[in-house]
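Asker: What follows is each chain in one-letter form.
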Amino acid sequence: MKRRNLLATAAMGVLLASGGALAQGMDKVKACFVYVGPIGDGGWTFQHHDGAMQVKAAYGDKVEIQYQESVPEGADAERVLTQMALGGCNIIFTTSFGYMDATNAVAAKFPDVKFEHATGFKREHPNVSTYNARFYEGRAIQGHIAGKMTKSNKIGYIASFPIPEVIMGINSYYLHAKKVNPDVQLSVVWAFTWFDPAKEADSAKALIDQGVDVIAAHTDSTAPLAEAAKVEGVIGFGQASDMAAYKDGPRVTSIIDNWGPYYVKRVGALLDGTYEQIDAWEGIAGGEVLIGEITDKVPADVKAEAEAMRDAIAAGTYHPFTGPINKQDGSPWLAEGETASDGDLLGMNFYVEGIVGDIPK
Amino acid sequence: MDLGGINPVILIATLMASAVPILLAALGETVVERAGVLNLGVEGMMIFGALGGFIVAVHSGSPVLGFIGGAVCGALLSLIFAALTQVFLANQVATGLALTLFGLGVSSLGGQGYNGIKPPPTGKLFPQALTDLPVVGPIVFGHDWVVYFSIAMTAVLWWVLKSTRVGLIIRAVGESHEAAHALGYKVNRIRLACIAFGGAMAGMGGAYVSLARVPQWVDGITAGAGWIALAIVVFASWKPWRVLIGAYLFGGITVLQLNLQVAGSAIPVEYLSMAPYLITILVLVIMSAGRKASGAPAALGQNFHASR
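Protein chains in written order, with this note's numbering: chain V, 1 to 361; chain X, 1001 to 1308.
Some hints could be false.
As the list claims (entries may be wrong) - Distance ranges between label pairs, derived from CB positions:
#: 1; chain 1: V; residue 1: Gly330; chain 2: X; residue 2: Ile1286; range: 40 to 46 Å
#: 2; chain 1: V; residue 1: Glu276; chain 2: X; residue 2: Gly1113; range: 37 to 43 Å
#: 3; chain 1: V; residue 1: Gly330; chain 2: X; residue 2: Gly1113; range: 36 to 42 Å
#: 4; chain 1: V; residue 1: Asp101; chain 2: X; residue 2: Ala1266; range: 29 to 35 Å
Stated by the list, open to error - From the structure, some residues in chain X lie toward chain V, with a derived Cβ separation under 7 Å:
#: 5; residue: Ile1010
#: 6; residue: Asn1115
#: 7; residue: Gln1216
#: 8; residue: Gly1264
#: 9; residue: Glu1270
#: 10; residue: Ser1273
These aren't lab readings, by the way, just hints derived from the structure by calculation.
For every residue, glycine included, the Cβ atom is placed at its ideal position computed from N, Cα and C.
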């Protein structure tokens, strides 16, 4: 009896959803968001929610926003996605890499609901699109500043999970630090979490205890900056969000994820009937990655160089991964003047030459 | 083990501070469980205390008041649990789990608007001259008062539980509530007091996260520390000093594995990441192996009503 009810509901959900999508364009779109952390993290999820609010601001009554915070990556995600699809969502944004398989699995069951997966690469069904931002462009600028500003020649990186997204950031950060400071040494700490303020603070402390004085974080909270603020002479960067509260302290610049324009564009396409499956990957040029204000702690000449790099990347005249670059084991990756292909970047599973340590498998 | 590049003095000093939240919460829970009550709401009480302490500290400007506020908040939340299980005789496991969910939700709601604010700093207790002494400086003198408080509480609870009348009554209630009742002790009132004490300790542990260790408020800040505390109580066989060892082991290996990563150790990161959980459990199991009784209070998790 219960199972029959469930099936009936599911069938109805499919019918309703397909009824909506058959029409050219829609009068009203229900856009749903799945967040990996709490909105109050001040970083990653905060920015996605900001994007969702921009959608609301852009379309007003024509759009209904629904979201769920702190959804674990794994089986729970599938349950949440199924519930959203049954609940009449027309488009569902899943905002973390770990939702990749869940997104594709649920998308198979609801062919008329649009799924948009952030930072992933699997598009197994025509209704799954992926979108990402070229954060490595921002990491290049951070690396440049890190290389110039470090006094101990030890720079650190708090990494979350060994996925291409993170490895790309580490490599870009290191390459650009090395370029301006050949003596620089990079220490990577794998926290194996996106969000655990205490552990992020501990990671930052471990780095500082061992003489690191520039810390980049690839986790979601502001805890590493709070830890850096306790020690004189240590600097760090805002991650995902501007983290402007630490402007007087360790934060010298930041990478800001600006998802709003993309969300507005996609929901708009659904409204006017021009929606298509895509694989979007915008960077500084597309306005999806913003570089937060560089503070006065950074010397004027370094600041000017960093801004010049930002503008060159935006203009398309400079690619952060431009050869010659060797892999960690010394084998060549990019020849002189060659730039990395998107495919290479999205599948990146190796460190570049000079980084010490192994990537966890 | 290769300690290349890692300064053991700094390591010990760091682990003492990073173990405080778990230690305080686990000590509180030890008393609660010794009285025969299983409160799985530690995580909820911790995060509620973390928020309460943060708000009090920010508005009053005093970190000490913040810690007291955290303790009061934790105790208040635990009284909900006490009312449900001791008065209405609800199932303790279910109520405890509900308390955790409730605490997480309420603190997420109440914490709106407190993101990105810095609390008043909790300073070191001893003057800089003492802290600068080699070796003993960072380890013995280099902490804020809560670290000393947590160690003192371990000693006090050990003494109270082992050699005082109050401790005897608490243990009696936890081992056989019917016998304690027959002797004229108010079982539910004693348990209620223990639950409130456990809540206060958990709340204070939470406040340490948001006021000293991180220090700021973010949603979900305790990130599962309460569950670790619960596990440590069991593996420590409900004995305060072993709780301290367990918390220091866990805190220590967590800090050590991060330091090993920074130092570029040859041990794969996967093993380092699971080491804190694995080694803590292993050591505490070995310590309690070979004894006849597991040490669990006989009436743990059972509700009591005088009519039975």
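Asker: Determine for every hint whether it applies to the structure shown.
Answerer: We went through each hint and held it up to the structure:
Distance hint check for Gly330 of chain V and Ile1286 of chain X: the Cβ-Cβ separation is about 45 Å, which falls inside the suggested range of 40 to 46 Å. Between Glu276 of chain V and Gly1113 of chain X the Cβ separation comes to about 40 Å, which falls inside the hinted range of 37 to 43 Å. Taking the beta carbon of each, Gly330 of chain V and Gly1113 of chain X are about 53 Å apart, not inside 36 to 42 Å as hinted. Taking the beta carbon of each, Asp101 of chain V and Ala1266 of chain X are about 33 Å apart, inside 29 to 35 Å as hinted.
Because the beta carbon of Ile1010 of chain X sits about 5 Å from the nearest beta carbon in chain V, less than 7 Å, this interface hint is met. The interface hint given for Asn1115 of chain X is met, as the beta carbon of that residue sits about 5 Å from the closest beta carbon of chain V, less than 7 Å. At about 5 Å, the closest approach between the beta carbon of Gln1216 of chain X and any beta carbon in chain V falls short of 7 Å, and the interface hint on this residue holds. Checking Gly1264 of chain X against chain V: minimum C-beta separation of about 5 Å stays under 7 Å; hint holds.
Interface hint at Glu1270 of chain X: satisfied, since its Cβ lies 5 Å from the closest Cβ of chain V, which is below the 7 Å cut-off. Look at Ser1273 of chain X: its Cβ gets to within about 5 Å of chain V, closer than 7 Å, so that hint holds up.
Going through the hint list in order, the structure does not satisfy hint 3, though it satisfies all others.
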